[in-house]
Amino acid sequence: MKNGLFSQKYKPVDYKQLHALTEEKKKASANIQLKVSKQASKTNKEQMLLKQHHQIWWQEHKRQMEFLKTNVFTISDKLQNNVVNISHKLSKERDTYQTNTVDPIWQLREDLKYRLSEMQCYPSQKSCMEYELIPIKVDFVKEQQKTILELLNQEKLALEQELEDCKVLIYSLEEKTGLFHEVPTQLLALECPYPDLKSSVLNEFHTFSDEYWSKLQEIDQQLKVISR
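Counting in the UniProt record's numbering, the sequence shown runs from 1 upward without gaps.
Calculated from the structure, these hints are not laboratory results. Among the hints, erroneous ones may be present.
Only pairs whose alpha carbons sit at most 25 angstroms apart, straight line, appear in this in silico PhoX-like list of lysine-lysine [said to hold, decoys possible]: (1) K156 x K89; (2) K198 x K69; (3) K92 x K113; (4) K92 x K142; (5) K92 x K146; (6) K215 x K62; (7) K198 x K45; (8) K16 x K27; (9) K38 x K27; (10) K38 x K51; (11) K69 x K215; (12) K142 x K156; (13) K38 x K26; (14) K146 x K51; (15) K42 x K27; (16) K89 x K78; (17) K25 x K35; (18) K146 x K156; (19) K146 x K89; (20) K198 x K78; (21) K78 x K92; (22) K42 x K26; (23) K62 x K146; (24) K45 x K35.
Have a look at the derived ranges for each label pair, beta carbon to beta carbon [as the list claims (entries may be wrong)]: (25) E191 x E160: 48 to 54 angstroms; (26) Q59 x E93: 48 to 54 angstroms; (27) N81 x E211: 52 to 58 angstroms; (28) K78 x D111: 45 to 51 angstroms.
From a predicted model like this one, the values you see are computed outputs, not experimental measurements. Each residue gets a CB set at the ideal place from its N, CA and C atoms; glycine is no exception.
Work out the full structure: start from the sequences and follow the hints.
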């Protein structure tokens, strides 16, 4: 029989080999499934870690921005208070200077005018004696003014020296603008898995820098008014 069951075209089935191949395929499939599961688990862990990093970054960003905002307003308030205190101090010093120097001169002037007028209207021996005392009073006031002017000149020289020593700390407008708007290298070097979050941090930094710069400019203008 050419086409019968015992034809030479068909070989007997090797069930052991077939079973071995099946087991091998199952094992390979199981290995693939295990790798897929491990990769999925690894991906999930990485996503969870990134999510945690994002939360930590955002919390730290919020904390730092609140800290920066508090410091900006604290410094601004201190500067504002300093400006007010300086203004009050200068006003008080002007009043003291007027009381100690200007007022005595005007008082002496009015007193002399009155005495001269009285002497002219009612000449007497007493008035003549008082007339002789007038130069003495004038010299006394002159000596007072000379002493005061010497003290003022000493204070002036001391202030000029102090300003000269502080010149190294004085920046030009362009230098101050650059310093206030320059992003710190520490902030630029921070590693963040979320570019949009880091961009948000940088934007917040620029916003607070602009606000502080505006406040500082306002205080500078107030100081210029006081110094006039």
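Here is what the structure says about each hint:
1. K156 x K89: Holds. K156 to K89 sits at ~16 angstroms (cutoff 25 angstroms).
2. K198 x K69: holds, 18 angstroms
3. K92 x K113: Violated - the C-alpha atoms of K113 and K92 are around 30 angstroms apart, more than 25 angstroms.
4. K92 x K142: Satisfied, since the Cα-Cα distance of roughly 24 angstroms is no more than 25 angstroms.
5. K92 x K146: It holds: about 22 angstroms lies between the C-alpha atoms, which stays within 25 angstroms.
6. K215 x K62: Distance of about 22 angstroms is within 25 angstroms: holds.
7. K198 x K45: holds, 23 angstroms
8. K16 x K27: Between K16 and K27 the Cα gap is close to 16 angstroms, so the pair holds against 25 angstroms.
9. K38 x K27: holds, 16 angstroms
10. K38 x K51: holds, 20 angstroms
11. K69 x K215: holds, 13 angstroms
12. K142 x K156: Satisfied, since the Cα-Cα distance of roughly 20 angstroms is no more than 25 angstroms.
13. K38 x K26: holds, 18 angstroms
14. K146 x K51: violated, 77 angstroms
15. K42 x K27: holds, 22 angstroms
16. K89 x K78: Satisfied, since the Cα-Cα distance of roughly 16 angstroms is no more than 25 angstroms.
17. K25 x K35: holds, 15 angstroms
18. K146 x K156: holds, 15 angstroms
19. K146 x K89: holds, 24 angstroms
20. K198 x K78: Status violated; Cα separation ~31 angstroms.
21. K78 x K92: Roughly 21 angstroms separates the two Cα atoms, so the pair holds.
22. K42 x K26: holds, 24 angstroms
23. K62 x K146: violated, 62 angstroms
24. K45 x K35: Since the Cα atoms of K45 and K35 sit roughly 15 angstroms apart, the hinted pair holds (cutoff 25 angstroms).
25. E191 x E160: 48 to 54 angstroms: Given about 51 angstroms between the Cβ atoms, the range holds.
26. Q59 x E93: 48 to 54 angstroms: Taking Cβ atoms as reference, Q59 and E93 lie about 50 angstroms apart, which means the hint holds.
27. N81 x E211: 52 to 58 angstroms: Because 18 angstroms falls outside the window, the suggested range is violated.
28. K78 x D111: 45 to 51 angstroms: holds, 48 angstroms
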